[in-house]
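Using the sequences plus the hints, can you model the full thing?
Protein chains in written order, with this note's numbering: chain A, 6 to 331; chain B, 164 to 310; chain C, 4 to 342.
Check before you lean on any hint, since a few could be wrong.
Claimed, not checked - List of simulated lysine-lysine pairs, BS3-like, C-alpha gap at most 30 Å:
(1) C:210 <-> A:128
(2) C:178 <-> C:60
(3) C:80 <-> C:39
(4) C:31 <-> B:304
(5) C:82 <-> A:245
Unchecked claim - Example chain A residues on the side facing chain B (calculated, C-beta under 7 Å, incomplete):
(6) 207
(7) 248
(8) 267
(9) 318
(10) 321
(11) 325
(12) 330
To be verified - Facing chain B, according to a computed beta carbon distance under 7 Å, are these residues of chain A, among others:
(13) 210
(14) 211
(15) 214
(16) 259
(17) 260
(18) 263
(19) 295
(20) 299
(21) 327
Just so you know, these hints were derived from the structure itself, not from any lab.
Built from N, CA and C at the ideal position, the CB exists for glycine as well.
This is what each chain is made of:
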Amino acid sequence: MVDNAKLKDVAKEVISREDVRLLIGYRPGTYGFRARPAFVENSDQVDELIFSPACVSNLSSYLTLEEKTPLPRGVEPDLRKVAVMVKGCDSRALVQQLVEKAYDREHILVLGIPCRGVVDMAKVENRFPGVISGEIAMEGDNLVFSFDGKEETVPKEELLAEKCKRCRYPTPLISDLLLDDEVERFADDDYSDITAMEGKSTEEKWAFWEEQFSRCIRCYSCRNVCPMCYCEDCVLDRLKPVWARRSVDISENTVYHISRAYHLAGRCIQCGECERVCPVDIPLMLLNRKFYRDVEELYDYEPGIKVEEKPLLSTFSVDDKEDFIL
Amino acid sequence: MAEETREGFEPNIVAFLCNWCSYAGADLAGTSRIQYPSNVRVIRVMCTGRVNPLFVMNALQQGADGVLVSGCHPGDCHYMQGNYYARRRFTLMRNFLEYLGVDPARVRMSWVSASEGSKWKEVIEEVVEGVKAVGPMDQFKRRQLNW
Amino acid sequence: MAEKVLKKEKVGEALKELSKFRLFAPSKSNGTILYKQIEDPSDACLDFGNTTVPAKKIVFPQTETLFRFMLGNPELKEKNVEEEGTTVVFGIRPCDARAMGIVDNLFSWDYQDPYYLKRRELTTLVGLACIQPPSINCFCTSVGGEPFSEENLDVLLVDLGEMYLFKAITEKGEKLKTTLGSQLDEAPSDAVKKSGELADKANVQIKRTIDTKGIPEKLPTLWENELWKRVSAACLGCGICTYLCPTCHCFDIQDEVEGAEGRRARMWDSCMFREYTLHASGHNPRPTRRERTRNRINHKYSYFPSKFQVIACVGCGRCINLCPVNIDILEILGQVVDA
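Here it is, written out as structure tokens:
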């Protein structure tokens, strides 16, 4: 587990550097066991930084989320680096953003956090309801919850986020500074959820998805939180042409969800943020992971691993499978 | 889908054909007076690589029961590589629609060259037959505009 | 007049009776509690905290057709809300009901919105008091509400363990009481007293509070304050806080055409979206999430109270609970107070 005192020291050093303008990390949330993103601009703000299994957010989203207003004449843009703390899964988002040339490598400074898993906050809040303020720490294979002056230990499998239970890359794949010792791979993905879904009949599948999609309120949080959804002008927001209408019904919702998932084909790095933020609990990872598995099986491609890689759908092989083509 | 509704069901098929091969192939079928099912509505595009998967979804939303994307044989693309990109795109698209419960018979792809008028006929016959077997598109087709 | 109670074993029967109207009640879908039109009473779930999507969607649907038009036909077919008939919302939380009262101000202000107001007129609200606050982020007592608030409700149900105390508040409520007639029983003599005790208990269980006095007057003075940048830094610009807010009421109007037929529809919009204020010229008067967050808070706590003398926030806590990055309206208000 990352030592928080060390983390603060490193952060202080980094933010004091001439060539760093912003450090994005985590700080305690406002209630319960939550943690939230922190934006540090000077060394006075470093003290609130933490890392714990409550730090679920993928901070790499913020690298592409920043909105810049036009500068007054004569003012030079601030091109200094942004430092960002990333877990293993989050670092793959950085790799994929670099594959797609979303920004230059020298514009970011990566503080890698080898991670042994983060919690599923919904499960935690079910287990400990009504806690006003508390902390989570990881000790070995246990999670330690301290709140109201007491401590409770829970085996981590019980409250870990689903994505962590199939995490292949706990140690960041890209980093300038590693904040802790590397973590060995402790889990693997067997895609059992995808296989189970594929085993259903056509009618069963649609009945399932119809129910899921009909709940969608189109708040677009799944899109906005996604580190790979960084188009300035999303095709689904366009009014000319309208690909997905604003109206909320099963037809438009389905098109929205197909488009969103399809745009992540060969790009989704499985940080699970979309599913985490969905207010109506649509199992979005079940969509993304279908593509992930297919891409791995058909094209032997795993996104977000190597910066030198080319994006999947802008490459091809002459020998690609084509058994369905007439 | 009840059997009665399939009886006499004539599907709408939207076909995106590349300008250089499949469109010419379909044209050849016409000038050679080869009879093929009239369910198909052709949209000419410059290359299969131009076909955005959103086109396919939009067609299915607006009342198509099936969509066909057809282009030059691999290696014959007028733009060298367009059909290779399209092939990857639609392999994934088709698998995904199947996963959501949309029968893969609704989204087909074919290679038809400018000289293959008779192949065009066979392709259309197979596509129409396939869509007839699965019935009208009823999953995410836009409903009649309701209150 | 003697008070009535609805015994829990008779709730199914009562819902069956009410399902002759357009009946909405909380229902569980994949673990999420949402309002659903109830045909089968077993779909309803009254053992819930609060619904994820507030009851506003029943009187102010997310997508609503205003009128339809046809090619070559100059006549418009206007939507007749009357046809929807009497609607009953069963199990609405007092905060959501209060919110409807607040939104009424807006829809009956400079323009009498026929769709919304008609639907409100046709709707009977059967509230369910919060015996204990549904979440730790409930703060209704700070903005003029209460877990047992009767404001804007037609009936208030109070869970007394084996039965619900059935308290008709308005004429609509009395009518519903008559409709339910045989499903209701005489209340035991201590029911009202017991309900009062529960109300007192519920009030003190609200743990997070803030003194909102003075905030509406103070906000305009903080327009360029540093705090807006700080509190909005993590914002993703999604629509959760506004779509799921029971008092947010912004909408967009769009025409949708299908063949020779089309409709004009209005649908929820959110001030947290970039497109909300984007001009055709490309200029955006609220260019970043800082301005958008500032607008959201100002609208609720400054513009609305200055026009309608009521804060457009009922303290349901949804925006805090569901914000993906833990942006907390109570914290923002705290900073406003301290600024």
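Do the hints match the structure? See the list:
Restraint check: the Cα-Cα separation between residue 210 of chain C and residue 128 of chain A comes to about 22 Å, which is no more than 30 Å; the hinted pair holds. Between residue 178 of chain C and residue 60 of chain C the CA atoms are separated by roughly 24 Å; this keeps the pair inside 30 Å, and the hint holds. As the CA atoms of residue 80 of chain C and residue 39 of chain C are separated by approximately 28 Å, the hinted pair is consistent with the 30 Å bound. Among the hinted pairs, residue 31 of chain C with residue 304 of chain B is consistent with the structure: their alpha-carbon atoms are about 27 Å apart, no more than 30 Å.
Between the alpha carbons of residue 82 of chain C and residue 245 of chain A the distance comes to roughly 27 Å, so the proposed pair stays at or under 30 Å and holds. Interface hint status for residue 207 of chain A: upheld, as the beta-carbon distance to the closest one in chain B is roughly 5 Å, under 7 Å. With a least beta-carbon distance of about 5 Å to chain B, the hint placing residue 248 of chain A at the interface is held under the 7 Å criterion. For residue 267 of chain A, the suggested interface contact is upheld, since its CB lies about 6 Å from the closest CB of chain B, less than 7 Å.
For residue 318 of chain A, the interface hint holds, the least distance from its beta-carbon to any beta-carbon of chain B being 6 Å, beneath 7 Å. Using the Cβ-Cβ criterion of 7 Å, the hint placing residue 321 of chain A at the interface with chain B is satisfied: the shortest such distance is roughly 4 Å. Hint on residue 325 of chain A holds. Least Cβ distance to chain B is approximately 6 Å, under the 7 Å limit. Checking residue 330 of chain A against chain B by beta carbon gives a least distance of about 5 Å; that is within 7 Å, so the hint holds.
Residue-level restraint check for residue 210 of chain A holds (minimum Cβ-Cβ distance to chain B is 3 Å; threshold 7 Å). A hinted interface residue such as residue 211 of chain A counts as satisfied when its beta carbon comes closer than 7 Å to some beta carbon of chain B; here the least separation is about 3 Å, so the hint holds. For residue 214 of chain A, the interface hint holds, the least distance from its beta-carbon to any beta-carbon of chain B being 5 Å, beneath 7 Å. Proximity of residue 259 of chain A to chain B holds as hinted, the smallest CB-CB distance being about 4 Å (cut-off 7 Å).
The beta carbon of residue 260 of chain A comes within 5 Å of a beta carbon in chain B, closer than 7 Å, and the hint placing it at the interface holds. For residue 263 of chain A, the suggested interface contact is upheld, since its CB lies about 6 Å from the closest CB of chain B, less than 7 Å. Satisfaction of the interface hint for residue 295 of chain A is found here, the shortest Cβ-Cβ separation to chain B being roughly 5 Å, below the 7 Å cut-off. For residue 299 of chain A, the shortest C-beta to C-beta distance to chain B is roughly 5 Å, which falls under 7 Å, so the interface hint holds.
Nearest Cβ of chain B to the Cβ of residue 327 of chain A: about 6 Å, under the 7 Å cut. The hint holds.
Checked against the numbered hints above, the structure breaks none of them.
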